[in-house]
Amino acid sequence: MASLARPRRVAQNDAGAPRLLRSATAVTPTPVHRSRYLVLGSGLAGMYFALEVADRGPVTILTKAAPQMSNTRWAQGGISAVFDDDDSLAAHVDDTLRVGAGLCRMEMVERTVALGPKLVRRLASDFGVDFDRESEAPDASFRLGREGGHTHRRVVHHHDTTGAEIVRALLQAVHAHPNITMLDHQMVVDLLSWAKVDGGRGCFGAYALDDRTGQVCAHVAPVTVLATGGAGKVYRYTSNPDVATADGVAIAYRLGATVANLEFMQFHPTCLYHPEAKSFLISEAVRGEGGILRRRDGSDLMKDRHPMGSLAPRDVVAREIDAELKRSGEPFVHLDVTHLQAAFVKERFPAIYERCMGLGIDMTTMPVPVVPAAHYMCGGVEVDPWGRTDVPGLMAIGEVAMSGMHGACRLASNSLLEAVALAASAAEVCDDFGREPPTTLGPWNEGDAVDSDEAVMVSANWEEVRALMWNFVGIVRSDKRLARARRRIEMLREEIDEYYWRFRVTRQALELRNIALVGHLIIECARRRKESRGLHYTLDYPEATAEFSCDTVFNKRQGPDA
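Converting from the sequence shown to the numbering used here requires adding 1 to each position, the first position being numbered 1.
Hint data in this document are derived by calculation from the structure and do not stem from the laboratory.
Each hint should be verified, as a subset may be incorrect.
The calculated DSS-like cross-link candidates involving lysine-lysine, where the alpha carbons are at most 30 Å apart (straight line), are [claimed, not checked]:
id	residue 1	residue 2
1	481	327
2	327	531
3	279	327
4	304	347
5	347	279
6	531	557
7	531	481
8	304	327
9	481	557
Predicted, not measured: the structure shown is a model, and the values here were computed from it.
Please model the complete structure; the sequences and the hints are all you need to start from.
So this is what it looks like as structure tokens:
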């Protein structure tokens, strides 16, 4: 019988049987839900995978908030794929490799770029995603945009709300499929796994907390797919929604899966600067259509800084903005589109225009104040081009995965492309990769945990983790800053772990536990990279070196204690 005893309260002996670490009070039966495929996350990657495999057997999707609340929902720009006759797959590969600064994995890049046109067409034809077209004709070609780092127009979009349109279409398909069950407000606590004397191991599901009832259930399946999104909330300022708390990386690392390249956190250069903006993103497509970054005095910030000017890759632009803010003492720079036709701006960027107008900013007549913010995690749980981790039965797709597609810096709009490509690829091999789960499970064990009367500790530590990550592990780093961040994160994790032992789990406490662990992992990855490359820039090692032209890879036996 496999145990459902709480992971913090049990250890495994050589036979794989649970051993209690402390006395526990009586436990009650734990609800167990079984399916063939368990998908954790309801963004593009998770829903596309579910739709691909649903005809083979029952699929359960767990999402920790409302179904539409994912990073995908807030993707504005679009999905990159080659459709222009003047473009080519080779050019898309070359752009991806150049921006990736020497760390992209060629097999993954070539496979993903080649799949792009087919998968985008399928999103449109099979699922009804309403991408913008050049005309009203049903077979009209896609209207293509251009973004930073791209040498051609190849960004397929739906105005400036592409992610929301994709989520709308896929949610409709998911709800219509009889073999897919989506459960919302389910916060994953940890993964279910076993280890054997012969060294074999595997994953067969997850513990999940119902955020509304406080009950923990076991969700068991031969195939478990992490599609949990990113880690923006590890940082104080982010373009990500509140759900992006690095949960997938944390639970995979605690299980023993390998993580990689977490030092490469992409900071989007243009987040709207306004006290009521709630980290609203100004799409890179705005610069793709001719937007210019300017200093407060109106001068062109990127002139003579990069051959592509304001359309330079995100790592370059974010560092230049950061340097300008530090030099000038100003709180923001400007993104200027006032030289473009007002009608075009309103038609191309309706959501951005409406949001800015709601805050008293008419972007057709005045420049928009912007600052960088944590945006996308280029590292993650290490996978192969089919989404397989090094733990049998456990797959990772989308932003939570490190497939090698993005290298040291992600090319704009390659994120949705990678998400759908990994989802499609994982669906091809998942049945052979799955592991048969045990037939009998023991109960979830709360031990002697009680309800918390110190919730203020969660909110206080939450803010402290995010502040130290922003101040010391942000766009520009140094050995001194990283050392200080490491000392403080270790102390914070001790406090968080003590809280986790004493009190019953809540979503807020679990998210805090996850961002603290992944913050620690980001610091450790950054400390190990003694160079500057892509999104990782350190004052102590300002140049890239051949010695570090490799991935930063480790698991919990080689890195910080989980």
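Hint-by-hint comparison with the structure:
For the hint linking residue 481 to residue 327, the alpha-carbon distance of about 18 Å falls within 30 Å, and the restraint holds. For the suggested pair residue 327 and residue 531, the alpha carbons sit about 24 Å apart, so the restraint of at most 30 Å is met. Proximity of residue 279 to residue 327 is assessed by CA-CA distance (about 23 Å); at most 30 Å being required, the pair is judged to hold. A threshold of 30 Å between alpha carbons decides the hint, and for residue 304 with residue 347 the separation of about 27 Å falls inside it, so the pair holds.
Using a Cα cut-off of 30 Å, the hinted pair residue 347 and residue 279 holds, with the two alpha carbons roughly 22 Å apart. Our distance criterion of 30 Å between C-alpha atoms is met by residue 531 and residue 557, whose separation comes to about 21 Å. Pair hint residue 531 plus residue 481 holds up; C-alpha atoms about 13 Å apart against a cutoff of 30 Å. Among the hinted pairs, residue 304 with residue 327 is consistent with the structure: their alpha-carbon atoms are about 18 Å apart, no more than 30 Å.
The straight-line distance between the Cα atoms of residue 481 and residue 557 is roughly 24 Å, inside the 30 Å bound, and the hint therefore holds.
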